[in-house]
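J.: Here is what each chain is made of, one letter per residue.
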Amino acid sequence: MRVLAAMSGGVDSAVAAARAVAAGHDVVGVHLALSEVPATLRTGARGCCSKEDAGDARRAADVLGIPFYVWDFAARFAEDVVEEFVAAYAAGQTPNPCLACNQKIKFAALLDKALALGFDAVCTGHYARLQDGVLRRAVDPDKDQSYVLAVLGREQLAHAMFPIGDTPKPQVRAEAARLGLRVADKPDSHDICFVPSGDTRRFLTARIGVRPGAIVDATTGERLGEHDGVHGFTVGQRRGLGLTRPAPDGRPRYVTAIEPETGTVRVGPATALDVRTIDATAPVWTSGEPPAATFDCTVQVRAHGGLAPATVHVAGDAVAIELGEPLRGVAPGQAAAFYRGDVVLGSARITATGA
Amino acid sequence: MTTYLDHAATTPMLDAVVAEMSAAMRRTGNASSLHGSGRRARRAVEEARERIAAALGARPSEVVFTGGGTEGDNLALKGLYWARRTEDPERTRVLVSAAEHHAVLDAAEWLGEHEGAEVELLPVDELGRVHPEVLAEAIARDPGRVALASVMWANNEVGTVNPVRELAEVAHAAGVPFHTDAVQAVGILPVDFAASGADALVFTGHKLGGPYGVGALLLGRSVEVTPLLHGGGQERDVRSGTLDTPGVVGLATAVEITVADAQRRTEQLTALRDDLIARVLATVPDARLNGDPGTGEIDGGPSRLPGNAHLSFPGCEGDSLLMLLDAQGIECSTGSACTAGVAQPSHVLIAMGAGESIARGSLRFSLGHTSTQADVDAVVAVIGQVVERARRAGTAAGVL
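Residue numbers (our numbering), protein chains in the order written: chain U, 1 to 355; chain R, 1001 to 1400.
Incorrect hints may appear among the rest.
To be verified - Computed beta-carbon distance windows for the label pairs:
hint, chain 1, residue 1, chain 2, residue 2, range
1, R, A1023, U, R182, 34 to 40 Å
2, R, A1016, U, E84, 57 to 63 Å
3, R, A1023, U, A39, 42 to 48 Å
Hint data in this document are derived by calculation from the structure and do not stem from the laboratory. Glycine is no exception: its CB is placed at the ideal position from the N, C-alpha and C atoms.
Construct all of the structure, not just a fragment, from the sequences and the given hints.
T.: What follows is the structure, encoded as structure tokens:
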């Protein structure tokens, strides 16, 4: 097969490309330039996007003996990922930009271009297993990224390759070292790649501005404090509420709801976070269609953790999820990913929750 | 089997250059040393200077060796600016053409950001050419405050040649020093420093079959330039640094050979280039040639670089075209500057008034001394299918 290996400059995508080469495919490496103003050197835990990262990807491609190019997706990324991210926060939601990037950039803009240019598949360094169109969790549970791939449909998965999902991270690093890849001991990336400082609230405030509002007690309606904008908050958040007055019962308070229309952030005790029903929209099914109109599965509501047994009802674009046990910190804007065992069935975007 | 059609990026080193440099690299001697070895190195350097001067209509004392084109342009721009402003603090206007190489544009921009320069971009016409009247008008807006004017001899992307002699005359009529980036011109077009009237002219070795990282600034004897690099003052107190004797020797050899051979090669490359353009346009009817058509004459040479074929393929992205051709062993360029390997929309094409689709979907094929009919045939054989495929990718990516 002719395989386009997306190479971020990190160790995972480098080893993924190496495995595609070792499997006998005709591989071309491509680094996606996603920042319109790339920094010269990597700083902190940013995992991509600097010129140094592009250079690291280039050196890995050199070692693998494959052609290498940098493709500019910065404008698409700004529009489809960054602007959407900012807009979702402004609307009181908590988006996951990695999902958007996989859905709109890597397995849409990039995949479409690759297919048109004569490639058969796009290969990435995601930790997930994909065989015969069936997407599974990675064997390394700490690294599993199947959640951020659950937005991919059947056609996208038909042209995807995730060669390292069957390998724990330490072995991936060891393999990179064996292959002579300089990125073998490059630090893992954390945080959001386009927020250089790691300070998401400041990043958002610079784009959304200050939109003051009230923090109120979810049960009594009492005004407890002020804030600079709902984009600084996520359902389930405990830190950074800026409340000086402790709760009457002395227990910590959490964000239980965000109301962007009025700029209100509601806070309450941990028990008020319990969610038993979830409404979601825009479902994507890895097999092309839902397993049934109603089916049982395990639902995962954020990138790490947040699992519960559930019954899912699908009616066109609308998905209603009944949880078998309550989950906390379920934020609108995140994806609800559906699993049966370690098999990914699909996902839908969370719009509302109920107790 | 590689079809190398990127001679404007760098052209293969001439065998004679490799031989002379290899011999020179085995000889010890700092050209500034006073003993026998030093004198031998100095002799080689000075002979190289004289050979270059003779080939390019300059005096030996006007040849300042540099570390290449970018250094030469920076030295000319900043050095002229500082020297002129020192003479008269009012002189802060810097006039450069909008289609310059980044070595000139970014140096000018830096002067604007850090040294109080008022940078004015001289507009080019739809062929990428600066007209003397445009320069005259720009100077006339406030002639006493112009520090310098800079217009490239020939454009590196679209190959259009500028009327350097006339431009230099216009500048001199107002007492303004004139610099020209001749990186694409020397060894290809008839370049005579004295006849051109330029006060500063920059070229580099690797574009004419010489070594990388060695070039020269031709600087009129009466032209004052403030140095960029301070140290031993080796080159006319304008440029410091131990002279790269093998590099300088190789540069001189390359200049001598290419200048002597220029007319014959111009005819040969023009024929190949015109064949390439005609057959690509016949295969891809909506492709178009950018820049001067190449039928005219300027200062005794062609109006377009003889090896340059810069073509736009509407609906395609340059990077797709480049990758598909590269996969077939055909090496060319998207013709514009790169940031971390990303081709940016060409500022040259934009200055020429081209739309986004033309600016994104262009390729520069540049022929040189090793180019053959087989190279042209190789491009013609695949260009149709490559464009068709790139167009599908362009549609997928939403490019019009």
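J.: Evaluate each hint against the coordinates.
T.: Hints versus structure:
| no. | hint | verdict |
| --- | --- | --- |
| 1 | R:A1023 x U:R182: 34 to 40 Å | holds (37 Å) |
| 2 | R:A1016 x U:E84: 57 to 63 Å | holds (60 Å) |
| 3 | R:A1023 x U:A39: 42 to 48 Å | holds (45 Å) |
In this structure, every one of the numbered hints holds.
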